[in-house]
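Residue strings, one per chain:
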Amino acid sequence: MATVRVAIEGFREKGQWSAEAITDHNRWLFAAQQRARRGPTPEVFFDKRLDNSRLVKADDPVRQREMRSFAVATVFFFALLMVYSWQHFSSIEYGYHIQTEKAQLQHLQDENHQLGLTEAQLSRSSRIDHLAQQIGMEPPQPGQIVSQGIMDVNSNAPVLASVTLPVVSSSR
Amino acid sequence: MSRSFKQPLSAPIPRLRFVVLIAILAVWVAIIAARLVWLQVFRHAEYAEREHRQQERSFQIAPRRGMLYDRDLNPLAMTVLVDSIFAVPSEIQNKQATARQLAKIVHQDADDPYTTARDIDGRLQRSRDFAWVARKVDAPVAARVRALHLKGIYFQKEFKRFYPDNELAAQVLGYVSMDDNGLGGIERRFDAALHGTTGRVRMAVDARRRSYSSVERDPKAGENLVLTIDDHIQYMAEKALDANMQRTHAQRGTIVVQDPNTGQILALAIRPTFDPNDIHHIRSSMLRDPAVSDVYEPGSVFKLVTYSAGLQTHVITPDSMLPTLGGQINVAGRIVHDDRDAIIYESHRHNVLTATQALEQSSDVAAVEIGERMGKDRFYRYIRAFGFGRRTGIELPAETAGLLKPPARWTATTIGSIPMGYEIGVTPIQVVTMVSTIANGGVYLPPHIVLKNSLEAKGGKLVPAAFHPEHDLPDPLPPGAHRVISTLTAAEMRKMMEGVVLQGTGIPAQLNGYSAAGKTGTAEKIDPRTHTYSKRLYVASFAGFAPVNDPAISIVIVMDAPAYRFHFGTQASAPVFHQLAQEILEYLGVPHDEPLKSTKQMEEIAKARVGGDAPQEHAADLSSLFDEVNHLPADDPLRVAAQPVQANADADEARAYRQPATAGVGKMSIESAIESPAAGPSPPAPAPQDLASSGVLAGTGPSVTMPGFVGEPMRRVVATAANLGLNVRVYGDGVAAAQAPPPGTRIPAGTTVVVRFHP
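As you go down the protein sequences, you meet chains A and B in turn. For what it's worth, numbering that gives the first Met the number 0 labels the leading residue of the first sequence as 0, then goes sequentially. For what it's worth, numbering that gives the first Met the number 0 labels the leading residue of the second sequence as 0, then goes sequentially.
No lab work stands behind these hints, which were simulated from the structure alone. There could be a bad hint or two in this list.
[Claimed, not checked] Here are the simulated lysine to aspartate or glutamate pairs, EDC-like style, with alpha carbons at most 16 Å apart:
#: 1; chain 1: A; residue 1: Lys101; chain 2: B; residue 2: Asp217
#: 2; chain 1: B; residue 1: Lys238; chain 2: A; residue 2: Glu137
#: 3; chain 1: B; residue 1: Lys238; chain 2: A; residue 2: Asp128
#: 4; chain 1: B; residue 1: Lys135; chain 2: B; residue 2: Asp108
#: 5; chain 1: B; residue 1: Lys150; chain 2: B; residue 2: Asp128
#: 6; chain 1: B; residue 1: Lys135; chain 2: A; residue 2: Asp109
#: 7; chain 1: A; residue 1: Lys101; chain 2: B; residue 2: Glu215
Produce the complete structure using the sequences and hints provided.
What follows is the structure in structure tokens.
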């Protein structure tokens with residue numbers, strides 16, 4: 000190890016930290032490690048040439064089709080999952096909205112009924128009669144009421160011809 | 000270290016260890032699988048139910064009760080949502096103090112026994128999960144309770160029935176109990192249709208109990224009913240009746256206004272009355288509708304039938320000379336005599352009057368004479384044809400057929416009684432229909448009070464049907480209609496009845512600008528206790544129509560037991576006709592058929608001294624009349640014993656306070672989160688009858704004296720009642736605290752009595 004450190008320091012001293020220097024350094028290290036491992040026994044290396052040129056990826060259309068189908072199916076199911084999730088959460092969201100709207104509708108209908116009741120209470124004959132009396136009004140005398148279009152004047156019923164002047168009564 | 004590094008990784012695992020490992024895994028998986036199967040298969044229902052409970056809220060939705068309208072679609076009864084207050088007692092620390100605090104606000108009515116501090120506290124103590132505090136309270140009361148922010152106090156929306164016109168047509172409309180059960184009038188008669196169908200909603204809620212989805216079975220709202228009543232005419236009738244009750248101090252009064260050309264009832268006013276909005280002050284006697292449920296002897300008003308039949312059978316003509324025999328006639332040993340004024344009138348005409356004059360003076364002798372000329376069989380046929388002795392079929396509950404004996408059961412003196420309106424029991428509805436028959440030209444048209452309902456309306460949309468007087472009868476005639484007398488006979492009768500108003504006993508009924516026709520009637524009232532005629536109580540009536548030639552309205556006024564100066568129909572009822580008919584005809588815009596009179600002329604008419612239509616004394620065989628009750632149908636109100644209507648209403652309310660809400664009212668009620676039990680509507684209360692004060696009372700079977708049950712245990716109450724032949728309707732448990740009818744009351748055997756128990 001002391002030798003290695005000396006070598007490194009030797010390179011540093013030279014200041015050569017180029018790629019070539021590093022390669023040399025690595026080679027030197029490798030050789031040093033081999034030497035250390037081998038010990039005093041010589042080591043013989045033989046080159047074995049491997050020819051991979053024959054290993055050619057064969058074109059497999061079936062598998063490609065399967066892979067494409069798988070990819071499409073995966074994308075489809077993923078999209079389906081996304082759409083399902085979207086519509087699920089969307090439906091929940093709409094659910095809240097619909098419930099709110101229903102409650103609002105119910106509320107408005109109830110309010111409508113309440114207003115109808117108030118209207119009926121305010122327009123009842125006894126109340127109007129009482130108010131009319133309070134402001135000094137009196138029931139009309141016979142002949143003071145002039146009806147327009149209430150009776151069917153063209154009916155065949157006998158009607159006694161008469162000329163009557165309304166009786167004007169002075170109140171108060 | 001280096002040795003282990005060199006050891007091949009594919010070294011075989013010892014077989015035993017492998018088996019053990021696999022076995023452990025298998026057992027682990029098996030346990031999990033078994034647990035899953037147990038939970039998801041065997042206990043599926045239980046957990047599904049638990050899940051529903053946690054994630055879902057289920058409510059019954061009460062249907063909105065159908066509305067009641069008058070013919071112009073003015074609402075007479077409607078339902079709106081109001082707050083009910085309830086408590087979860089387990090959440091309340093100091094129940095007694097809370098009850099006191101609440102009672103100060105909710106106990107608005109001193110007669111309401113369910114909102115006192117003691118009663119609220121009792122309910123809080125008895126229950127742990129739920130107790131009503133007050134039901135269907137007004138908005139200001141609910142706001143005040145809300146402002147207290149009391150723990151454990153919640154609000155629930157419930158439907159409440161409102162009657163905007165308060166007392167108007169109360170007996171016609173009836174009212175509903177706390178649980179929306181119709182307890183009188185139209186509300187009771189059409190309870191099923193008005194009530195609607197309960198809905199149900201299952202609502203999914205999130206952790207914050209907000210609803211995000213719901214499955215609903217919508218409630219079906221009750222049908223809306225349109226009555227033939229005209230709101231304004233009804234008010235006129237009630238106002239006139241109020242004034243006349245004050246003037247005559249009568250015990251009771253009834254006014255019926257009918258359209259003679261269709262049979263539709265335009266107004267039906269009854270006094271005394273009640274406010275259906277205030278159910279705590281309604282008594283059973285007020286609920287009775289004497290227009291259809293009570294009978295009275297009509298007295299001289301019934302002479303219209305006698306004269307009509309006489310004219311139709313050609314026994315008389317309007318100008319026939321009838322001997323009045325010095326004002327008295329002997330009928331099988333019983334002397335029938337005319338009143339003093341009639342005798343004086345007759346004596347001035349040598350005791351021979353035309354039929355028209357006899358009717359004008361209301362001669363009893365002449366009426367008996369006509370009856371005898373016709374014979375009982377022919378006369379009876381006409382009485383039946385005019386609608387007496389059978390139900391008219393009007394859409395009101397508890398209608399009586401009235402009392403009319405068939406000729407086979409007539410006694411020797413009956414022919415001396417019925418022609419002048421005695422020994423026969425009629426209802427005001429029957430009388431007004433008879434008058435309308437004469438007014439419309441002789442066709443009996445059955446009376447109706449329901450115009451249509453929402454289902455019958457075109458497209459479900461109701462349209463106003465303002466009343467305009469018809470000039471012709473409907474074509475074709477409605478079911479039940481039939482001709483009774485000819486058009487000529489009807490015209491003759493109208494003319495003769497006009498004479499009654501112009502120069503007979505009905506002068507106070509004269510109108511200004513309109514011709515009018517009618518007949519007064521006075522009869523001694525039957526004392527129900529002694530089954531004899533009262534010497535000081537009378538039934539004074541008037542029945543008429545106007546104008547004479549083309550009648551627009553028929554009116555009958557019946558005053559029951561007016562004060563001394565108003566005993567006769569002439570004084571008690573004819574002036575009401577004058578006031579009411581005048582007002583209605585002007586309101587309807589009916590053209591005047593006579594010149595208008597000045598105020599002075601009308602005052603002179605009002606002051607004119609008119610001979611009263613004095614009643615015949617002891618004019619009928621009352622025993623045979625009372626016997627006639629036994630021949631009525633079993634469900635006739637005259638046969639049905641007095642029922643504890645008020646007790647039933649009270650029991651209904653007590654039950655309403657005991658049980659949780661029978662139904663929510665939709666999504667707004669989620670705050671209460673109450674699982675409501677299905678609660679079928681309780682059967683409607685029986686007909687409100689109190690024969691003790693009606694015109695005729697008859698025992699129809701063995702009766703027993705109501706024992707006192709208060710303080711007795713339930714077992715003994717049931718045993719005692721069974722021994723006496725009484726049925727018991729039991730409310731609550733513990734010892735008897737209240738009962739109806741009260742102890743000592745004579746009631747027919749078989750009557751259902753109500754006993755309320757308290758622990």
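The hints, checked one at a time:
1. With a CA separation close to 12 Å, the supplied pair A/Lys101 and B/Asp217 stays within the 16 Å bound.
2. Distance restraint check for B/Lys238 and A/Glu137: the Cα-Cα separation of roughly 15 Å lies within the 16 Å cut-off, and the hinted pair is therefore satisfied.
3. In summary, the hint linking B/Lys238 to A/Asp128 is supported, as the alpha carbons are separated by about 10 Å, within the 16 Å threshold.
4. At most 16 Å may separate the alpha-carbon atoms for a hinted pair to count; B/Lys135 and B/Asp108 meet this at roughly 13 Å.
5. Our distance criterion of 16 Å between C-alpha atoms is met by B/Lys150 and B/Asp128, whose separation comes to about 14 Å.
6. Pair hint B/Lys135 plus A/Asp109 holds up; C-alpha atoms about 15 Å apart against a cutoff of 16 Å.
7. Between A/Lys101 and B/Glu215, the direct Cα distance comes to roughly 12 Å. Compliance with the 16 Å bound is thereby established for this hinted pair.
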